[in-house]
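**Q** Now for the letters of each chain:
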Amino acid sequence: MNWFLLGTRVLEIVLLAFVATGAIPVVVGAYSFLLIPLHAIRNHYSRAAPYFPRVAIVVPAWNEGAVIATSIDRLMALDYPLDRLRVYVVDDASTDDTPRVVTAKAKQYPGSVFHLRRDKGGEGKAHTLNHGIRVVLEDDWMQALLIMDADVIYLPNSLRRMTRHFADPRVGAVSAYVREGSADKNYLTRYIGLEYVLSQPASRRAHNVLGAQACLAGGAQLHTRENLLAIGGRIDTSSLAEDTITTFETQLRGHRVVFEPHAVVLAEEPGSIDALWKQRLRWARGNVTVTARYRKVWFRPSRTHRLGSISFGLIWFSLYLLPIAMIVSSIGLIGLLLMHSDLATVVFRALWILAACTYIFMLGLGAQLDRRISRQAWREVLTFPGVISMFIMLTAFFPGLVERQIPALFDVKFTQAGLFALTEFIYTWIPFSMLGALLARRVEKTRIGRFLAPAMIYLVGYGSLLCAITLDSYIKELQRAEAKWDKTEKTGRVVL
Amino acid sequence: MTRRAELPEPKDRRNPGEEFLASEIDDNRRAEFWLIPKTFLSLAIVAALIVLREVFKL
Numbered sequence: 003m004n005w006f007l008l009g010t011r012v013l014e015i016v017l018l019a020f021v022a023t024g025a026i027p028v029v030v031g032a033y034s035f036l037l038i039p040l041h042a043i044r045n046h047y048s049r050a051a052p053y054f055p056r057v058a059i060v061v062p063a064w065n066e067g068a069v070i071a072t073s074i075d076r077l078m079a080l081d082y083p084l085d086r087l088r089v090y091v092v093d094d095a096s097t098d099d100t101p102r103v104v105t106a107k108a109k110q111y112p113g114s115v116f117h118l119r120r121d122k123g124g125e126g127k128a129h130t131l132n133h134g135i136r137v138v139l140e141d142d143w144m145q146a147l148l149i150m151d152a153d154v155i156y157l158p159n160s161l162r163r164m165t166r167h168f169a170d171p172r173v174g175a176v177s178a179y180v181r182e183g184s185a186d187k188n189y190l191t192r193y194i195g196l197e198y199v200l201s202q203p204a205s206r207r208a209h210n211v212l213g214a215q216a217c218l219a220g221g222a223q224l225h226t227r228e229n230l231l232a233i234g235g236r237i238d239t240s241s242l243a244e245d246t247i248t249t250f251e252t253q254l255r256g257h258r259v260v261f262e263p264h265a266v267v268l269a270e271e272p273g274s275i276d277a278l279w280k281q282r283l284r285w286a287r288g289n290v291t292v293t294a295r296y297r298k299v300w301f302r303p304s305r306t307h308r309l310g311s312i313s314f315g316l317i318w319f320s321l322y323l324l325p326i327a328m329i330v331s332s333i334g335l336i337g338l339l340l341m342h343s344d345l346a347t348v349v350f351r352a353l354w355i356l357a358a359c360t361y362i363f364m365l366g367l368g369a370q371l372d373r374r375i376s377r378q379a380w381r382e383v384l385t386f387p388g389v390i391s392m393f394i395m396l397t398a399f400f401p402g403l404v405e406r407q408i409p410a411l412f413d414v415k416f417t418q419a420g421l422f423a424l425t426e427f428i429y430t431w432i433p434f435s436m437l438g439a440l441l442a443r444r445v446e447k448t449r450i451g452r453f454l455a456p457a458m459i460y461l462v463g464y465g466s467l468l469c470a471i472t473l474d475s476y477i478k479e480l481q482r483a484e485a486k487w488d489k490t491e492k493t494g495r496v497v498l
Numbered sequence: 206m207t208r209r210a211e212l213p214e215p216k217d218r219r220n221p222g223e224e225f226l227a228s229e230i231d232d233n234r235r236a237e238f239w240l241i242p243k244t245f246l247s248l249a250i251v252a253a254l255i256v257l258r259e260v261f262k263l
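So the sequences go chain by chain: A and B. Counting the first sequence from 1 gives a position; my numbering is that position plus 2. Counting the second sequence from 1 gives a position; my numbering is that position plus 205.
Watch out, some of these pointers could steer you wrong.
[As the list claims (entries may be wrong)] Mimicking DSSO-like on lysine-lysine, the simulated pairs with C-alpha atoms at most 30 Å apart in a straight line are:
no., chain 1, residue 1, chain 2, residue 2
1, A, LYS109, B, LYS243
2, A, LYS187, B, LYS243
3, A, LYS447, A, LYS280
4, A, LYS109, A, LYS187
5, A, LYS280, A, LYS478
6, A, LYS478, A, LYS122
It is worth saying that the hints were derived from the structure and are not from the lab.
Input sequences plus hints: build the corresponding full structure.
**A** In structure tokens, the structure reads:
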């Protein structure tokens, strides 16, 4: 037996398996988007009916003086019976003029707006919410609880479009579509706007079809009183993922969570890489906690809930492990290339053609689901994977074009060594794109950062930026770094 | 399939009435059917790209 040949074959198979891990999130992403048209049939509208429960709105507020007055006015102007609406602003020991503004609003709307003050602040949103929830549970007025952020603006018809699902007693919570609503959009808020289209009116419709929701929107979640009491009458304070934990606990107790795509609220999102990084690191670290906490739920189908379904588990872990899958896949490709395996080219093309087709399908469908955002963010729609990744997709799709025909236009021809170097670059690009995103964060604070950071994100891709943040969350968790609450700064840039 | 005309604004927007609310639900449900042609359109773009690759063999 030729042990060298056998060893080579085994190594080749291992490396092929490495490459295949990169295909898993792509296939799962395509699968989840193929579920979206089923929402035409499998939706909750047949069980929805006109219904106006008494809604208590709890607004956590820390130094929200710039936005809180407008938010309260908007809430009071909702298309909802005024006698069935109360707003409780929980002032988390603000040091700006938030108390003065809220007290003035409480006088303007007597019996409808209430100012609750916490003397000890800075413990995080969940603690602030719990202060308000304790108060609204003291009597039986509240039939439904709306949890929102101080900067979020609800479109007038949004609340009534959420409450109609509570006509079905099986429903415990409803989430609205949070649309990026900054008036002065920059490249990053446009990317976030597009990401929100892909993750909400697209993905959450797919989750509705599966009957399992991953996360209620932090700034737009409505609970029935029964559900709130069933989950303990409080929001979990043990992690940074209180919204996801609330969503899971609701479903584990047999209540349904419904995403309502026609209830739209506007939110202000971070306009700098650094702010986005802090916000998403908090979310990603929260997801690490959730994944570990619900380890007995994954891939274990249950009669009570659908969180344990195979489909939902695949979708969750595809996103959770995406950066690792991408790195492992690149290691596989490079290994095959260094072994001079003929399979390297074949699997590279298969993987990247699959990725290209999935990206085009997902972005093509996503762009049609919110035309306003797509019109504003057409550059970001075209460059979502990053310009360099698009070039690699082009190489996989049309190899002759990149390797021969385009160089020939400039009277240039690739040497063998040049072609090998280009191939090496292409195969290792994904891990480097994450490094590029990290570099963009560093560059952003410099004098040239204003121009260079956006250019770098357009080059490496917004997806790579999110992958880099997720990777950072793994590192922080391994280091057991302190998980602290970093509030995203809001400046009142949202307009209707 | 044709798009239904926009619902008329209710006289009292805080209490729009059962009929208006029921037709709004109906309208939203009907709007979900547009997801089917939208998905087909996206798949058609992907198919066109694959055809392009196969025909031109670049």
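**Q** Which of the listed hints are broken here?
**A** Numbers 1 and 4 - these are the hints that the structure violates, sorted from lowest upward.
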